[in-house]
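Okay, here's what each chain looks like letter by letter:
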Amino acid sequence: MSANGLLQIALFLGVLIALVKPLGWYMAQVYEGKLPAFVRWIQPVENIFYRLCGVDSRQEMRWTRYALAMLWFAMLSVLVVYAMQRLQGLLPLNPQAFAAVSPDSAFNTAISFTTNTNWQGYGGESSLSYLVQMTALAVQNFFSAAAGMAVLVALIRGFARHTVDTIGNFWVDMTRSIIYILLPVSIVLALVFVSQGVVQNFSAYQSVPTVQAITYDNPKLDAAGNPLTEKATSREQVIAMGPVASQEAIKQLGTNGGGFFNANSAHPFENPTPLSNFLAMLAMFVIPAALCYTFGFMVGDTRQGWAILAAMTLLFAGFLAVAEYAEQRGNPAFAALGVNQTMSATQSGGNMEGKETRFGIVNSALFATITTAASCGAVNSMHDSFTPLGGLVPLAQIQLGEVVFGGVGSGLYGMLVYAVIAVFLAGLMIGRTPEYMGKKIEAFDIKMASLVILIPPMIILGGTAWAVMIAAGRAGVFNPGAHGFSEILYAFSSAVGNNGSAFAGLSANSLFYNAALGFAMFFGRIWLMIPVLALAGSMAAKKRIPVSVGSMATHTPLFVWLLIGTVLLVGALTFVPALALGPVIEHLNMVP
Amino acid sequence: MLKELRPAIVSFLLLTLLTGIIYPLLVTGFSRLTMPAQANGSMISKDGKPAGSRLIGQSFSEPKYFWSRPSATNPMPNNATASAGSNLGPTNPALMDVIKARVQALRDADPGNKQPVPVDLVTASASGLDPHISPAAAQYQLARVARVRQLNPDRLHKLVSEHTEGRQFGILGEPRVNVLELNLALDALR
Chain A
522 MSANGLLQIA
532 LFLGVLIALV
542 KPLGWYMAQV
552 YEGKLPAFVR
562 WIQPVENIFY
572 RLCGVDSRQE
582 MRWTRYALAM
592 LWFAMLSVLV
602 VYAMQRLQGL
612 LPLNPQAFAA
622 VSPDSAFNTA
632 ISFTTNTNWQ
642 GYGGESSLSY
652 LVQMTALAVQ
662 NFFSAAAGMA
672 VLVALIRGFA
682 RHTVDTIGNF
692 WVDMTRSIIY
702 ILLPVSIVLA
712 LVFVSQGVVQ
722 NFSAYQSVPT
732 VQAITYDNPK
742 LDAAGNPLTE
752 KATSREQVIA
762 MGPVASQEAI
772 KQLGTNGGGF
782 FNANSAHPFE
792 NPTPLSNFLA
802 MLAMFVIPAA
812 LCYTFGFMVG
822 DTRQGWAILA
832 AMTLLFAGFL
842 AVAEYAEQRG
852 NPAFAALGVN
862 QTMSATQSGG
872 NMEGKETRFG
882 IVNSALFATI
892 TTAASCGAVN
902 SMHDSFTPLG
912 GLVPLAQIQL
922 GEVVFGGVGS
932 GLYGMLVYAV
942 IAVFLAGLMI
952 GRTPEYMGKK
962 IEAFDIKMAS
972 LVILIPPMII
982 LGGTAWAVMI
992 AAGRAGVFNP
1002 GAHGFSEILY
1012 AFSSAVGNNG
1022 SAFAGLSANS
1032 LFYNAALGFA
1042 MFFGRIWLMI
1052 PVLALAGSMA
1062 AKKRIPVSVG
1072 SMATHTPLFV
1082 WLLIGTVLLV
1092 GALTFVPALA
1102 LGPVIEHLNM
1112 VP
Chain B
868 MLKELRPAIV
878 SFLLLTLLTG
888 IIYPLLVTGF
898 SRLTMPAQAN
908 GSMISKDGKP
918 AGSRLIGQSF
928 SEPKYFWSRP
938 SATNPMPNNA
948 TASAGSNLGP
958 TNPALMDVIK
968 ARVQALRDAD
978 PGNKQPVPVD
988 LVTASASGLD
998 PHISPAAAQY
1008 QLARVARVRQ
1018 LNPDRLHKLV
1028 SEHTEGRQFG
1038 ILGEPRVNVL
1048 ELNLALDALR
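Those protein sequence lines, which keep their order, are chains A and B. The C-terminal position of the first sequence is numbered 1113 in the working numbering, with every residue numbered one higher than the one before it. The C-terminal position of the second sequence is numbered 1057 in the working numbering, with every residue numbered one higher than the one before it.
Keep in mind that the hints were calculated from the coordinates and are not lab data.
Below are the DSSO-like pairs computed for lysine-lysine, each with C-alpha atoms no more than 30 Å apart in a straight line: (1) B/967 / A/741; (2) B/916 / A/752; (3) B/931 / A/752; (4) B/931 / B/916.
Derived list of chain B stretches under chain A, where covered just means 3 residues or more per stretch with a C-beta under 8 Å from a C-beta of chain A: (5) 878-886; (6) 898-911; (7) 918-932; (8) 950-956; (9) 960-968; (10) 988-996; (11) 1038-1047.
For every residue, glycine included, the Cβ atom is placed at its ideal position computed from N, Cα and C.
Produce the entire structure from the sequences given, and follow the hints as far as they go.
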């Protein structure tokens, strides 16, 4: 890798780490209701809001009621997003006159956006109206992110409090996440995106004459209804438009990842410059990273937060190195075709299939590693065309449960569950009752943590096995051989992990995949949030036990390595056989 | 059970109004006032009419133009209403076939050129709309364009340099050449 490549990565990590403390502190203040002066003027609006909703902001909830509130909100969201897609043709702001979305695709998309997955079976610019994008999908980008943050804050309170039976108020936590954190940052980010060239308008698609006429094969049906192609000539280019920047900002910041356009962040109107790309990457990681500090601050020991952040950063660096190396090395088969893949001052070289020139290898591999470490799923390059090892990195990170930074809220609550498992394992090794944050970890807690760890692999591996056994599952495969298996494995991993990126060659807009992946996304989200809230309730009710010589410190390098080991071991043991059948075999086939 | 239903419905409506209507309209209004060119697609105008967007690549196949990166959009290349990559996997034989054909097309258009072809010139971009090629890909095509247009290669070299963008702030991204702007400038020569 070139010196400039290392510099770009170092700059990214440096800016990220510098933002952790200020943003993490700010978020802790917001969730504890001690608003800093510069946002206190918003508070009257917040209070009117609660009055209209009939919410007493001082009344806290037990974990069961907190979960119920979260479920009502999610259910309502699914219904509205489904209905708006089905009624699209009758609603305004539809300059291209798109018709209603099919029932199975609308179901899939409704689940997808309400679970923070943003898996996309449809192509945005060729099927959805501006109204649906803006008031159904982008709104869910806010809501699903805020719900993730609320559940995390509830879990943090569980650790921070003792001998109480409440963990906060869902409506307050969600509302504050949106109006004090997500919305203000999105406004600033959206305007910077526009300055770089991201479009923001409600115009119809614009037609321009092309410099050179192009001839192409146009598919059509003959008299008997058989598909064939005929030569056609085009002298114009129709350019899709839309209110993109406002959606792009929250799509990145909320680790949602659902692109306005089919090509997502590779599209020049979503991500036009290296600066927009840098900010898009930063937006994916900044809240998950800062929440580590928020956690440490709220439990009264910031070292605890830094330790978690250190484990995440080390894991991330390892995955990034593999992805950068594999993509820069390129495709050995190209050399024989007279293609130059060598990096030089005038080209980035490497495996450029499915990548954009302005991002090159460095920023494509970096973006891919970030988007799958966080549960974002936005892409600025096509993961399906990555080299086998380069594609293994996104896949493996999703399968580890997206705890390396992870989604906003969901990443850290996943990592805290791993921390509970880690102290449990350490306790088993030395024969002591495990403790975390001064709380005794007991049978109920381990059961809930085990659910969070075990449910995802069950659905991912079960779903993949089912899909490869039936014709409807195999029919979607695009690339032959081991890579085709990887496409299916990636789809189920991405759905359950609420990531949303894809080996996009898979034709997933079919009844089978829309339904199967829809349910996978739903269970991958809700079935994890409920045990996490149960864990929060259980922790809050416990007594705090004083630190003794027998307590294991959870802010030391030793604990950081223990945590990394737990994440890798649990992840590796579950998925190694499946990965061996996909990317590993393909790699062995590819190297000469 | 039902106690949380009212807050769910009312907060859903209020927050939708805030994040789904007020927010995008605010961003649109402010952008239109302060950055209308970017907000409307960074259009290039020629003789007072739009001649494309500087961010959206067009397809070129005539030897007198610099060619863009291959595009995998359907049904025609560089279809800006259906952005897409090829999604061909690294060991898919179809990928080898299509790259072989692209190398051949470049060689046919420029028979004397025996250099290896820069990789970005024969691989499909992620969006199918990549407006740029690498400086190496522009260099590779320079002699061909100069010969067909009977231009002094030094003069053409200077024109390419003028349309080459370095890394942003000297650090971010990759150096690149905007193909549409370069070709429009070529047509405007003389």
